[in-house]
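Q: Taken in order, these protein sequences are the chains called A and B. The first sequence begins at 7 in the working numbering and counts up by one. The second sequence begins at 7 in the working numbering and counts up by one.
No lab work stands behind these hints: they were computed from the structure. The model shown is predicted, which means the values in this text are computed figures rather than measured ones. Any given hint could be a false lead.
Note that the list lumps identical chains together, so a pair holds whenever it fits in one copy or between two copies.
Result set (DSS-like, lysine-lysine): computed pairs, CA atoms no more than 27 Å apart in a straight line [to be verified]:
1. 341 - 8
2. 68 - 97
3. 193 - 30
4. 365 - 8
5. 327 - 341
6. 30 - 61
7. 97 - 61
2 protein chains.
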Amino acid sequence: MKILVVKFGGTSVADPERIGNAAKKIAREIENGFHVVAVVSAMAGVTNQLTDYCKAFGDTTKNRDFDAVLASGEQVTAGLMALALQQMGVKARSCQSWQIPIRSSADYSDARITNVEAEKLLSILQSDTVPVVTGFQGVTPEGDLTTLGRGGSDTSAVALAAVLNAVRCDIYTDVDGVYTCDPRLVKQAQKLKTVSYEEMLEMAALGAKVLHPRSVALGMKFGVPIQVLSSFEAGVGSDVPGTVITTEDSMIEEHIISGITLSRNEAKLTLAQVPDKPGIAAAVCQPIADAGVQVDMIVQSASADGKTTDMTLSVPRGDLKRAVEALRKVKDFEKLEIKTAEDIAKLSLAGIGVRNNPKVPATMFKTLSEIGVNIHAISTSEVRISVLIDEASGEKAAQALHKVFIGE
Amino acid sequence: MKILVVKFGGTSVADPERIGNAAKKIAREIENGFHVVAVVSAMAGVTNQLTDYCKAFGDTTKNRDFDAVLASGEQVTAGLMALALQQMGVKARSCQSWQIPIRSSADYSDARITNVEAEKLLSILQSDTVPVVTGFQGVTPEGDLTTLGRGGSDTSAVALAAVLNAVRCDIYTDVDGVYTCDPRLVKQAQKLKTVSYEEMLEMAALGAKVLHPRSVALGMKFGVPIQVLSSFEAGVGSDVPGTVITTEDSMIEEHIISGITLSRNEAKLTLAQVPDKPGIAAAVCQPIADAGVQVDMIVQSASADGKTTDMTLSVPRGDLKRAVEALRKVKDFEKLEIKTAEDIAKLSLAGIGVRNNPKVPATMFKTLSEIGVNIHAISTSEVRISVLIDEASGEKAAQALHKVFIGE
């Protein structure tokens with residue numbers, strides 16, 4: 007049995023007409039010889055509407071009944087999609103998480119999938135019926151509904167593909183693939199045919215909002231090829247490729263750099279004349295982490311006098327105030343001079359070339375220097391280099407890097 | 007444990023504010039010493055919205071996935087009600103039919119409750135927690151969601167009250183009780199304090215839309231007192247009584263006639279010169295029944311010549327055309343003269359006095375005669391007399407009967 011998992015996001019199932027269009031894509035993949043499992047999100051706007059209802063009753067975070075309310079959204083889409091397929095003569099039935107079951111932890115609103123039973127789904131597929139599965143949700147061993155948090159529906163789809171040993175997991179969304187850069191920023195941005203899990207993880211973490219890192223990480227763990235493609239264009243994943251996220255080995259082409267991302271959602275805080283002693287970085291970062299703020303980059307200047315150092319940290323812009331407050335509460339830092347800046351951005355290169363080609367960082371820094379862009383901080387990973395720069399320079403810097411690393 | 011089941015209909019939970027008000031009533035009944043089980047409908051308008059979505063995909067009657075879509079409505083309300091109670095400091099949790107479970111037949115859109123497990127609900131109640139149960143739905147032994155059709159949520163509530171041996175089942179709705187007559191028709195209409203199951207069944211069947219006969223029949227079977235009261239007035243069922251539907255024996259007062267109903271939803275068809283032979287009534291009624299039309303009253307005139315007779319039938323007005331077409335398809339009736347009339351109404355008296363007091367029918371007919379109302383047909387049951395009259399006379403006839411049997 008050649009199994010294909012297809013997932014449709016909220017905008018792809020926003021109304022009955024779009025659900026009908028999505029159903030046609032499923033029918034087409036069946037004609038292509040696949041046994042199809044469909045995974046659906048709630049209709050666009052529904053989850054927000056339900057969340058608003060819940061907010062009328064105070065703080066509903068990590069609440070069992072909040073999750074029970076939210077889970078209804080995918081239930082509706084799954085039923086409608088099954089009806090749409092039936093109308094086209096395709097056998098289909100909606101499957102809610104508890105009916106399969108898709109087991110999860112009891113971390114309400116942020117549950118983790120712990121197990122997916124394949125047996126029922128396989129038996130449905132064997133009867134040439136499309137199981138239309140509610141994404142974004144699970145059921146605890148005690149029989150309580152949960153939701154999976156951000157990126158949940160994509161994660162559901164990839165998990166099903168993994169358990170069912172599917173050929174591929176196609177994520178239908180409102181963009182037609184993963185681009186080398188945001189086309190609004192660099193008009194020469196190119197759609198990638200393939201990208202490795204590692205690169206995609208870095209790009210997702212850097213703000214390319216196509217796929218949540220969680221679903222990419224799951225795909226990597228189980229070796230599930232994930233394709234991102236548009237539900238608003240003609241054709242289906244087997245005919246008209248979007249971008250396939252897969253292992254490096256199976257990539258047909260190899261970009262040195264797959265993507266350039268610019269994140270404007272950054273802020274910087276600089277601590278002047280911090281005592282330069284072992285453990286100081288931890289002493290600074292711990293209270294910020296305790297306040298729930300993720301520190302991204304840390305730069306510690308060389309100490310001139312051997313006694314104090316300047317330290318620069320970057321945090322998400324919305325968390326800047328909280329980070330400063332957290333530091334102020336630490337006795338040692340009460341009188342510390344803290345400078346903050348919100349007019350900065352993070353510019354990143356992602357690609358396996360970062361690891362394989364030592365010239366990449368040097369070329370990057372040289373390119374930025376040539377156009378007069380000052381680098382405030384640098385961080386790197388296996389397949390990524392990020393620099394903190396002035397937000398005002400972001401666009402021209404991204405364009406310059408795109409020209410050098412990817413092409414015009 | 008003194009258990010009270012309270013059920014809130016769609017208009018009573020139409021938005022978060024009303025859900026909050028309903029939650030206050032639950033909290034008040036807990037203060038009154040009850041362990042409360044709440045049963046909720048979908049928020050007003052939601053079921054229609056979901057039905058409209060489904061209709062985009064053709065005929066969805068008796069469809070498993072149509073039911074899965076519809077069942078989401080009560081799931082949302084149950085979760086919101088649990089959140090509302092929690093905000094007030096009352097322990098609560100939503101319970102969907104499959105979580106209890108409430109078992110039903112697999113007759114989608116019109117399923118029958120086959121079994122309710124009490125164990126889980128009792129354990130929730132014992133921990134001083136309010137189970138907020140989704141009305142209107144069940145789950146089949148195979149684990150598929152069903153909906154219970156018209157009157158479903160009331161039926162769910164009464165079934166739970168029966169299984170849990172509840173003190174009473176309070177149905178909060180948009181009217182404050184059961185009246186002797188529609189107050190728009192007879193301004194002297196009085197609210198009944200009590201009414202027997204049998205009377206309520208007749209009144210419900212006659213068009214008093216307060217309670218579906220199905221829930222009344224279930225209450226009668228298990229001896230569950232059912233109270234109808236308004237959710238839009240201050241106070242709760244234990245303090246401010248609405249109308250209690252109960253056994254005749256436990257009724258405090260005894261009306262001869264509890265209610266007068268006028269149904270305008272009637273039509274009449276008269277077959278002239280039907281052969282007067284045994285089995286003719288069946289021969290006429292069978293094709294109409296086969297067309298899904300319920301024949302209400304049948305009057306057969308005395309045969310003058312011993313060979314033919316005139317026969318008059320009443321059917322719901324919307325089914326008249328279908329009934330005539332069904333008759334026309336019968337070979338023996340192809341050339342039969344069929345007269346139809348839609349300007350008629352059914353006027354009914356319901357009350358245990360019909361059985362106990364032989365003067366009731368005579369008084370009814372005399373009253374109508376005195377005001378010049380002609381009777382086209384008569385039918386009776388244990389606790390009801392109905393007559394078919396011209397619709398134009400309906401209002402004055404109802405008022406006259408109310409004056410005579412109930413008072414001014």
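Q: Now tell me, hint by hint, if it's right for this structure.
A: Evaluated hints:
1. For the homomeric pair residue 341 and residue 8, neither the shortest alpha-carbon distance inside one copy (65 Å) nor that between copies (62 Å) is at most 27 Å.
2. For the homomeric pair residue 68 and residue 97, the shortest alpha-carbon distance between copies (16 Å) is at most 27 Å, but the shortest distance inside one copy (37 Å) is not.
3. Taking the closest pair of Cα atoms, residue 193 and residue 30 never come within 27 Å of each other, the shortest separation being 32 Å inside a single copy and 58 Å across copies.
4. Neither within a single protomer nor between protomers do residue 365 and residue 8 lie at most 27 Å apart by alpha-carbon distance, with minima of 43 Å and 78 Å respectively.
5. Proximity of residue 327 and residue 341 under a CA criterion of 27 Å is satisfied intra-copy only: 17 Å inside one chain copy versus 89 Å between copies.
6. Taking CA atoms no more than 27 Å apart as the test, residue 30 paired with residue 61 passes between copies only; the shortest distance there is 18 Å, against 37 Å inside one copy.
7. Taking identical chains as interchangeable, the C-alpha atoms of residue 97 and residue 61 lie at most 27 Å apart only when they sit on different chains, with a minimum of 18 Å there against 39 Å within one chain.
Hint check: violations occur at hints 1, 3, 4; the rest are consistent with the structure.
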